[in-house]
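Colleague: Going line by line, the protein sequences match chains A and B. All the letters of the first sequence, read from the start, carry residue numbers 1 to 196 under the numbering used here. All the letters of the second sequence, read from the start, carry residue numbers 1001 to 1130 under the numbering used here.
Keep in mind that the hints were calculated from the coordinates and are not lab data. Here a beta-carbon is modelled for each residue, glycine too, at the ideal position from N, C-alpha and C. Hints are not guaranteed to be accurate.
[To be verified] From the structure, some residues in chain A lie toward chain B, with a derived Cβ separation under 7 Å:
| hint | residue |
| --- | --- |
| 1 | Ile59 |
| 2 | Gly63 |
| 3 | Thr72 |
| 4 | Ala110 |
[Unchecked claim] Each pair of labels, with its calculated beta carbon distance range:
| hint | chain 1 | residue 1 | chain 2 | residue 2 | range |
| --- | --- | --- | --- | --- | --- |
| 5 | B | Lys1127 | A | Gln33 | 26 to 32 Å |
| 6 | B | Asp1092 | A | Leu194 | 38 to 44 Å |
| 7 | B | Arg1022 | A | Ala110 | 40 to 46 Å |
| 8 | B | Ser1010 | A | Arg90 | 22 to 28 Å |
| 9 | A | Gln105 | B | Ser1010 | 25 to 31 Å |
[Stated by the list, open to error] Examples of chain A residues toward chain B, derived with CB under 8 Å:
| hint | residue |
| --- | --- |
| 10 | Ala3 |
| 11 | Leu69 |
| 12 | Gly107 |
| 13 | Arg164 |
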Amino acid sequence: MAAAMEEHRRYLTKLDSEIGDGDHGTNMHRGFQAALERLEGAQAASPADVLTDVSMALISKVGGAAGPLYGTAFLRASTALSGKEEVSARDAAEALEAALEGIKQRGKAAVGDKTMVDALERAVVAAKEAASAEESVTRVFRAAAEAAWEGAESTVPLTARKGRASYLGARSAGHKDPGATSTHLLLDAAARALEG
Amino acid sequence: MVGLVLVSHSPRVAEGTAELVRNMAGEIEISAVGGDSDGTLGTDPEGIKNAIEGLDADEVLVFMDLGSAVLSAETVIEMLSSDLSERVRLVDAPFVEGAFAAGVTASTEADANECVAAAMEARTESKLHD
Chain A
1 MAAAMEEHRR YLTKLDSEIG DGDHGTNMHR GFQAALERLE GAQAASPADV
51 LTDVSMALIS KVGGAAGPLY GTAFLRASTA LSGKEEVSAR DAAEALEAAL
101 EGIKQRGKAA VGDKTMVDAL ERAVVAAKEA ASAEESVTRV FRAAAEAAWE
151 GAESTVPLTA RKGRASYLGA RSAGHKDPGA TSTHLLLDAA ARALEG
Chain B
1001 MVGLVLVSHS PRVAEGTAEL VRNMAGEIEI SAVGGDSDGT LGTDPEGIKN
1051 AIEGLDADEV LVFMDLGSAV LSAETVIEML SSDLSERVRL VDAPFVEGAF
1101 AAGVTASTEA DANECVAAAM EARTESKLHD
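Bound-form chain B, shown alone (with noise of 0.2 Å):
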């Protein structure tokens, strides 16, 4: 089972999103991260550590918002104990879309690769189509 983390400076927007994605995949894992340690707006490294740890997943998918989630989410991989690292990526993708069509893919029992593949589709796929 493919996990995700989503790691937004804004709770709001983390847990807005997770709620988003569960309720087109239905009970995946994953789990929202936003804000600083204090709930304000920012990142909070130790709580997406904690969130990583913390899912019952094969493999960890992260999605990021904004510059420091994504310095923090980096600087994280580090800390994590290598076995667990391995199974972490960090996907470039759209927050919102990225983390909707990575879930949506993941509910489908689909390997990490597919669920990246499904984010990353997002980055060009269009909205207006005309």
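Same shape as in the complex, but just chain A (with noise of 0.2 Å):
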């Protein structure tokens, strides 16, 4: 996910100069970077402690709003793999969810509202068919990525409803949602990882 952000730092940030404050990209490398390095310096016993790690490391380094928000969802997702030392697709589906239900509470985000939910919102509905299908975490993973990537695009039309983009009203339609952008990006890089 931190290699993701440091290719894409630029595209994201470019996303965001379009219709936020241009710095979208450049916040979420800092953040992985910070999260890399608390990954290296401790030593996370399960997969809800790197969880949280990471977690703490968008919440005090990404600044903007994306580091909250998506702080909040590795915390939910940290919280809905408590006590497990291996994750099942159900798992993934379920932590996957939490993320998203954290991400709306905390953003106050619906779909349509030109944000990450309308990538993490379609993300959760694929990963949780994948998981009832029977499929592997990392099919779960592909399909969610796949999902978000199909609800990032979907925001180019909408009118932004919430964050820096929606004092723009009807000109924030025709460009591609950052923070949808990079729940894209960060999904995608899930899966790779998990594909090896």
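Starting from the two chains in their separate frames, assemble the complex, guided by the hints.
Modeller: Here it is in structure tokens:
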């Protein structure tokens, strides 16, 4: 995920400079570098511990709205996985759903508001379908990533109703939402890591 | 004693507002948290947490300017110990005017409810009175 944020830093920042304050790529890169450092320095014992460490790094280092939003998402996913040594496909889908609920609660956003919820809501639906079909954890994340890509693309025509872009009103239409895009990139990175 | 934490995207807005409040309210417990962890424009949840924990106050009122300042403050409340989080409130009031009204009220040894009420009045109070 940190590598994906490094690779796509300029792209996210470009999207953000069109309708936001132009720092999403830089911020996400900084946050995930901090997460990497924290994980290297700590001895996370379980999947939940890893997610908590990532959450704390994102909350303190991302800056902007994405920090608390992604931080809350990782924290809720950690809670969903607490006490588990191994993550099943169903666990993974539930953790993604918990992350989505956290983001919706924190950002008070719904589908159609042109936010990361547009990507993550679709990702959760796809992840749950894949988990119900007895697919592997890897397939759950791949399905989630593909659905998140569609969700991110779906934000292009939308008028933003949350965040800085909402002040632009109709002028925000025609641009892809940076948060929905980074959600897709993170899920895609997770799927790639599992695919090896 | 009620303490105030002022959270702004801008260090200068946070510090300038705190200066204004101190000037009219005297030496109340107040902490300004402006900018992100690098001191550039943004918000810094860890800084907000440290500010809340560092105040010598029975109750803490947090004022936020825009967007991510609110999200960061809400996230911090979840991260605090439960005995502290019960004594912390986010105030849905205009940043400068609300902090000013709450600070002056706090300087009279008023409780948090009275300070919040004063801050909320700043939402609707007309400036030009015409």
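Colleague: Does each hint fit the structure? Answer for all of them.
Modeller: Against the structure, the hints come out as follows:
1. Ile59: Because about 5 Å separates Ile59 of chain A from the closest Cβ in chain B, which is inside the 7 Å limit, the hint holds.
2. Gly63: 4 Å, holds
3. Thr72: With Cβ-Cβ at 6 Å, under 7 Å, it holds.
4. Ala110: Cβ of Ala110 of chain A sits 16 Å from chain B, so the hint is violated.
5. B:Lys1127 to A:Gln33: 26 to 32 Å: Roughly 46 Å apart at Cβ, these two residues miss the hinted range, so it is violated.
6. B:Asp1092 to A:Leu194: 38 to 44 Å: Distance hint for Asp1092 of chain B, Leu194 of chain A holds at roughly 43 Å.
7. B:Arg1022 to A:Ala110: 40 to 46 Å: The hint (40 to 46 Å, Cβ to Cβ) holds, given that Arg1022 of chain B and Ala110 of chain A are roughly 41 Å apart.
8. B:Ser1010 to A:Arg90: 22 to 28 Å: 46 Å Cβ-Cβ, so the 22 to 28 Å window is violated.
9. A:Gln105 to B:Ser1010: 25 to 31 Å: 27 Å, holds
10. Ala3: Check failed: Cβ of Ala3 of chain A comes no nearer than 22 Å to chain B, outside 8 Å.
11. Leu69: With a minimum Cβ separation of about 6 Å from chain B (threshold 8 Å), the hint on Leu69 of chain A holds.
12. Gly107: Interface hint status for Gly107 of chain A: holds (7 Å vs cutoff 8 Å).
13. Arg164: 7 Å, holds
In this structure, the hints that do not hold are numbers 4, 5, 8 and 10, in rising order.
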